[in-house]
Structures are given as structure tokens and as C-alpha cells.
Amino acid sequence: MNLHLVLVAPLVAAFLTFFLSGRDPVSTLRTAVVLALAVAAFAFPVLAAGTVSTPLHTWFQLPLTGTTIRWGLASDGVSAWLLVLSSVLVPVVLLSARPVVGDRMREFAACVFLLQAAVHGALLSVDLVQFYGFFEAMLLPATVLIGLFGGCERRRAAALFLLFSLVGTAPLFVGIWYLVTVPVLTQHHVATDFASLQTLVASLPAPARLWIFAAASLAFLVKLPVVPLHLWQADAYTEGPAPASALLTGVMAKVGLYGVIRILIPLFPQECAANSSLFVGLGLATVLAGALIALRQREARRVLAFSSLSHLGLGLAALFAGGVAGTALVPRPEAVSGVVLLMVAHGLSAACLFLLVGVAETWVRSRHVDDFGALATRAPLFAVLFALAALASVGLPGTAGFVAEFLLLVGLWKGAGIVVAAIAGTTVILSAGYTLRLVQKLLFGKAAQEPHESFDLPAGMAWGVAPLLIALVYFGFQPGAVLKAARPDLLTRLPSAQAPLVEDAPHAPGR
Amino acid sequence: MTFLGWEGVGLCSYLLIGFWHHDDENNSAAKKAFLVNRVGDLGFLLGLFLLWQIVGASTPLTYEALAAWFRDPAHAALLSSGSVAALLTASTLLLFLGCTGKSAQIPLLTWLPDAMAGPTPVSALIHAATMVTSGVFLLARMSDVFAHAPATLHVIAWIGALTAAWAAITGFFQNDIKKILAYSTVSQLGYMFLAAGTGAFDAGLFHVFTHAFFKAVLFLGAGSVIHALSGEQDVRRMGGLWKKLPITFAAMFAGWYAIVGLPFGAGFWSKDLVLEKVLVHGGPALYAIALVTAVITAVYMTRLMILVFWSKSRMSHDVERHVHESPLTMQLPLWILGLGSLSVGFAWAEIPGLFRIEWFGEHLKAAVGVAQASLPACGCEPNALMLEAVGVGAAVLGIAIAFFLHRGGRFHESSRDPLSGLARGWTLLFDGIHKALVLWPVALVSWILDAMVQPVLTGLVRVFGWTVEFAGSGVRLAQRSRLRANLGLSVLGMVVLLILLSKVIP
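Residue numbers (my numbering), protein chains in the order written: chain X, 1 to 511; chain G, 1001 to 1506.
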């Protein structure tokens, strides 16, 4: 029951942090970091284990319709890498949170663990209802993190985030409702685990399938997000506390992309193929608009927010490149490998950038790029780490981001042609533009305030961030470590339990 | 399938890798260098994709495999077909765009002089003499590919020639000693591309080889001068240094001797080889441009020597008192490189009837020989001796012009700003073009997105919110009624549901 440990461990950690640790933030921090490392210790074996799953149980049956909701956990290369990503980011986020959240470390750590538990649940689910539950469960801790610890506009940002997410997922809820009530119409027994759903969805009338597809797309695209559903993002990442932003973009947004790969494409291959140009268009619009808007942002974290938007958009576009209407969408292997590597690379580099900017904001007591300056001399260690993270973010060769971008562009080129690849490729130039602008504003130039204080990066934070950067460089030279685990044939396959059903009492539908 | 193309990454990453030792002082220049190179990189990447499309995914993108593929006679028919030829031309042009970025050729040349402005002469040297030549190196390594795209070679030759001429003219108007050398580098790179474009890949590489020596000695000498003059970089405030810095002067004299192409210096052999091959393969127009550029090169380099070493001192008193020769550690490389500038040309030298050394060219046969042999030539066998004489004549003419321009100690010091007047105009020409064609449109679009589209989207969300709120308040009115009415409605709803369900479910 290894997988259950991965799911339960963060929950336990949340409770332990909340109820055991005292009000003293330092001791809370220590407890939380140790707990987070313990959670990570459960997640790493999952990566080593390869494709694993727990037996599938009937969780409960809906009264009246008799629809079976199942419970099971499954993990393979893709989910395992995202699990490891979240398990690695959480301790670093906690280590970096002290200067930002101050005395309310206990509440912060508990929320972070709850968010982690929800993310793990979503990544391990093999049942649509189960997945949906965890997907929605991410919202609560995320909203609390933004609304409780953020800047002066935090309430508004949290509300905006919550509303966008709820409006985005509400149609999916209706879609699920439709799916579970199918037995009422067809007299067939229905279960909502993905393997059963695949046959069910395939047997649905085309219009119904299209509607459910649209609903599921909306849920994932809001989470990702794509233009024009991105309005919550910049506010949430800027007004929320920086460590939370790191976690939201590093882990939570990835679940949106994960949903596209593991649920949207396998369940609705026809619809994905038929609408592939729309998705490629959305992806490209996100890439370009995100990058162009990032060029003009005046707040450091807004630059990073739009940068995240732009980078993840490339992944979406590449996945859908090459779909032909009337066939089933099969993403290019390069694109799928690229997306997995992108999720890892972007998760690490964006998280580092958010965390570092967050601590720098506490130094200069401002979020405006012009209020930083000369940090290269005032905080040399910070400057080195920030410059490395920025370079990893623009995909300098030798970092994982470069390999990911390269693979995604190959996928776009093979799937959609050289013109689309060229348009998407401009992100290579634009991302260098806005990221280097940020580096220049933060690290070089003249300090905005007098006297020229110098700042010390908290040692714990440096120890936390440095391994992430080393990992980025390692995967830049050895991308096989990620790509091998995330074999394309594993991807775009529904997460399902391999073991035979333990019990599956086919209930007669209805009365 | 996942790993396909890892060789491809190896190929392109050699070009892309290592671009971050720029952030010394002038980080705007660093940013510019990075961005301009990214433009080239993108072109390179797309060119690589197109090349891949031609050779098929099963061919690894290593130099050897590519060369073998293009040399294979079985592919000749495929390559001569119209669509593939067009694809190959597009591909090679895009690859060449990558080279122009890395090697600072038109249109991506603006970053190099800026990058020279900040850092020390040593790092300037690293960029000028080694890294920027990677573009030429790439052309030579992929000569078999480029040999099948004559249209692209034509473009490369013209770009090289125009860059050489433009940068030489710009160099003439510069007043910062390092910028003069930077533009000189761009100009010499233009020669290399000109050679490669006319199919003389070996001559281009030979010029890379000799250029590394004399440009190195010039940069280090310039560093020594700047060091001696307490950081002064403006050649208009130097002069008469040959007496005070004899060793630096001797070394830079060797470099000057080589670059202007006076007999038996390194540049003499390599430049004349380039000129000869240009005449044979490229035709008289390109040859004329290259020859005129040689004259201008002699002019601006001689101007540099006059202003720094030969003319009367124009230093301020303070600076003059502190002038001192560099320590031995700085002199030693100067000696070695100075000697090299005079001698390395003999790796590939020929005076008809006297002697003939082809050591350098022989070593390149395996890499570029096949491609070169496949290219058309005019068939004429020009008199090497006569061409050498013409080259030397160009150098002498240039030197004469420079001395004439500065006769009697004439110097235009109109302003204290080293980047004034013509210097500015010439330097910023391509900056202006980039701004008008790329930067401003990008800024405009991003402004439209940020300042107009974002608010409109936000407004739409607001309208949606208000609609929901309005509808909600409408519903609230209905909710506010009596308990009895609510109960009644609930019962009614239950009844309707039951009826519906009983209809559907037996």
C-alpha cells in the first residue's frame, strides 16, 4: 500500500503540524520541514517502482442510478515525476517561507501539506469522480494560502482565483453528473473508473461527448491556464505569498496539464483531434500573449506569472499538434516527452524564481522591479542563484528547459509544420527578453534606496534552492532520467489499476 | 523515438552553449548579445528541422552522417528535384542566420561592438578571436550540405562581402580603440564568410587561423595601451606612445603588419588566398568589394597606429606621467603572438616559382575537399603572383591614404564623446533597422495586449459577474417569500421529479 502512504502522508503531516507544533514559528518550521522530507521519502520509491497500482475497490454506489464509484491509486512515470516534483518543492517552499509568512508558519505549513495531499490524490486517481474530488480539493488550501498570507489585495485575488476555478470546473461537474446518470437512460451498469469510462464515453452520442469534452477542457485550461482564461493567475501569483506562488505554478498548474495528457486526450481522442487546431491556436496565443505581456510588467512576480503562462502554453500547443479531424489524436512522442520534461523543468525553475523574488521583496519591501537593483553586489549568493534559475528558465543549453523546449518545438514542427514551429519558437527570443530584463533590473543597475544595505539569503533557503538548480542542470545533460520514466507509450494512457478488480458486484441499475 | 535527434542537440548546442560570460559591466550589452544570438539560434533550429525533413528522421544529425548523406550519389536525383532544392535552400539560409548571429554578420551584427564596450580586452579577445568564428567553422563542417545550395552560398558570399566593407568603413569612424578592433573583427569575419560563400571553405578557415593570431596581439596590445594610460580608450587622446611603450608597439606593429596584408605577414597569405579564391569562384564584383575593403582596412588600421603610437602626444598631463610599460606577464604573450602574426601564414603559402607550402590546406581536404571540388569555378588560372602584388598594392594604397589624411598632425576632435558624429551614425545604422523592424512592433503589440486586451478581458469577466449577481438578486426576490410558498414549491418540484423519473425508469 505504498501509494496510499504517498497520499496519506501529507494529510498526516498537515494534522501533525497543526496540532503538535506550538506557536513558535521556528520550531514549527523545523517540524514541518522534517515532515515534508518524510513525505518525500515516501514519494521517491514510487518513482523507482515504475508502473504500480493498488487493487481497485468499489468505493460507493450512487443511490438510485447504481453507478459504481471506484477507488484505486495508480502511478507510472508521469505521475511519479510530478509526485516527486511536489515532494521536492514542498520542503524548499517551507524553508523559504519564514521571511514571508512570519509568525503564522503553522497555518501556512498545514495549508501547504493539504494542498500537497490534494495534488497527490489527483495524480494518483484512477476514477473520474475520485479525481474530480481531489481536483476540487486543491482549491481550498490554495485559496486559503492566497487569501490568508498574501499582500494587501489578497482577498480579491483569492476570490478571483476561487471563482475562476469554480466556474471552470462547474461544467465538468455537470458532465460527470450526466455520465453517472447514463444508466437511467441506457439501463447499463456504469462505473466511473477510467477504464470503464473509456468504453462508456465511446458509446455516447457525439453531441453529448462533445459537451463533456468541452466541460473537461474548460476545467483543465483554467487550471493551466491559457489565454483568455488566465486572468486569475497574475493576481493570485502576485498577491499571494511568494512561496505559495511557487507551489501553485510549480505543482498545481501542472495538474491541469496532467489532466490534459491523462484524461482529456485518452477519453476524447476524436474530439481532441477534431479541435486540435483550436487547442494549438490557444496554446500559441498563450505562448505569445504571455511572453509579450510579461515584457511590460512592472512587478517582478507578474513577470514570472506571465512567464509561466507562456512556457506552459507551449506544452499545450505541442500536445495537440498534428491532430486530424475524424481520427483519434495521438500526440507526437517528442511532444509528450517534451511536456513531461517541461513540467519538471518549469516546476523547478519557476519555483526557484518565485521563492527568490519572494525573499528579495521582503528586503526592499516592494514588488516593483525598479525598487530592486544592484542585488548582485548587495546579495551575491542570491544573485548567483537567481541568475542560474533565470537562465534555466529561458532554456539555456545545458539545462532541462532547453531539452524540453527543443522537444516541444520538434513536436510542433512534425505535427503542425515549420510555420507553427517558427511562431512558437519566437518564445525562445521573447522569454530571453523578459527574463533578462528582470535579471538586469534585480541584480544590476543602481540600488533604489539609500543607504546600500546588503542582504543575507537565509542559509536554509540557499540549501533548499541550490539542489533544485543542480537538478535542472543534471536533467539538462541527462534528460534521459526523466524521459525514460515518462515513456511515450505510458503517456496519454488512462491511469488505471492493473490488478484485477477485487470485487465488482454488478448492480442492476435503477430499482 | 524519444531519443531521436539527440545528436541533433549535440550539433546545435555546440553553437548555443556557453553564452553567459558577458555580464561584466555592461549588462545591457550582454542582454543584447544574448537576444540577438537567440534570434540566430531560432533560425538555426528551424533550419535544422528543415534539414531533418530532407535527410529523413533516421539519419542522425552528426557532421559525418550529414556529409555521407549528401555525398551519396543515390541522393543526387532527390536533391536536384525542385521542391527538395527549395527546401534545402530555405534550410541552409536559416542555418546561415544562426551563423550570422554567432559570428556578428549582417543583419545580426550589432551585438559584437556593444559587447566589446564593457569587458576587459581579454574577454573581448575571447569573443573576437574564438567564439565568433564558430559560424565559419559550422559552414566548413557542413560544407557538403551548403555545396548543394548554390543560392545560399551566393547569399553568404554577398553578406560576407557587404559586412566586411560596412564594418571596415564603420571601424574607420570609431574613436574607442576596442571598438575599432571590434569592427575590424566583424570585417575580417566578413572575409571568412565571403570565402566560404564562394566555396573556398579552406581559405576561410585559414583566415580564421591567421586572424586569431593577429587579432589576439592587437587586442592584447590595446589592453596594454589602455592599462598604461590608466584606462583611457579614446584614440584621440593618445599618441606618441611608441617611445614609451616600445614592446607593446613592436607587438602591435606586427599585428598591424599582418592585418593590412603587407608581404609575408600572416594576413598577407590568408587574405590573398581568400581574394584569389573569390576571383576564381565568385567573380569580379565580389573581388572588387573585397579589394576595396582591403584598402579601407589598411586605412583604419594605419589610422589606429598613427593616433596611438606615431603622432604627437595628446594625453593629459596626469595620464602622461603614469604611462608605463606592462609587466612581463603581459609582455610574454605579446611577444609570442606578435611573432606568430608574422610567421603562421607560412602554413599555407605560395610564391609561384619560388616555393609552395600547402600544409594547412592539405589537412582540410578530408573535411571540405569533396564539397569544394563539386563547386563550379571560372576555369581560369589567375596569376598568383600578380594577385599578391595587387593585394600588397591595396595595402600600400590604404596606408598612404591614412598618412595623407593625418598629415601634419590633423585630428578631428570635435567632441569628448567617443561615440559622436559619424561614429554614431554608422554604428547605430543596424540598431535603427532592428528597432524599426522588430523592437517597436513587438513593443506595440505587447502594449496593445497589456494595456487594451487585458482590461477588455477583465471587463468581460466583470460583466459576467454582474450578470450572475443580477440574476442572483432576481432569484433572491423569489426566495424571500413565505415559508408556505417555499414548501409548496418544493413539493411541486418533488412531484415533477418523481413523474419524470417514473416515465424514464420502469
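Just so you know, the hints here were simulated from the structure itself, not pulled from any lab data.
This structure is a prediction, so every number in the text was calculated from the model and none was measured.
Some clues are possibly wrong.
[Claimed, not checked] Here are the simulated lysine-lysine pairs, DSS-like style, with alpha carbons at most 25 angstroms apart:
1) G:Lys-1365 x G:Lys-1032
2) G:Lys-1243 x X:Lys-441
3) G:Lys-1243 x G:Lys-1312
4) G:Lys-1435 x X:Lys-441
5) G:Lys-1435 x G:Lys-1365
6) X:Lys-446 x G:Lys-1032
**Report entry** Numbered hints the structure breaks, given as an ascending list
**Finding:** 1, 2, 5
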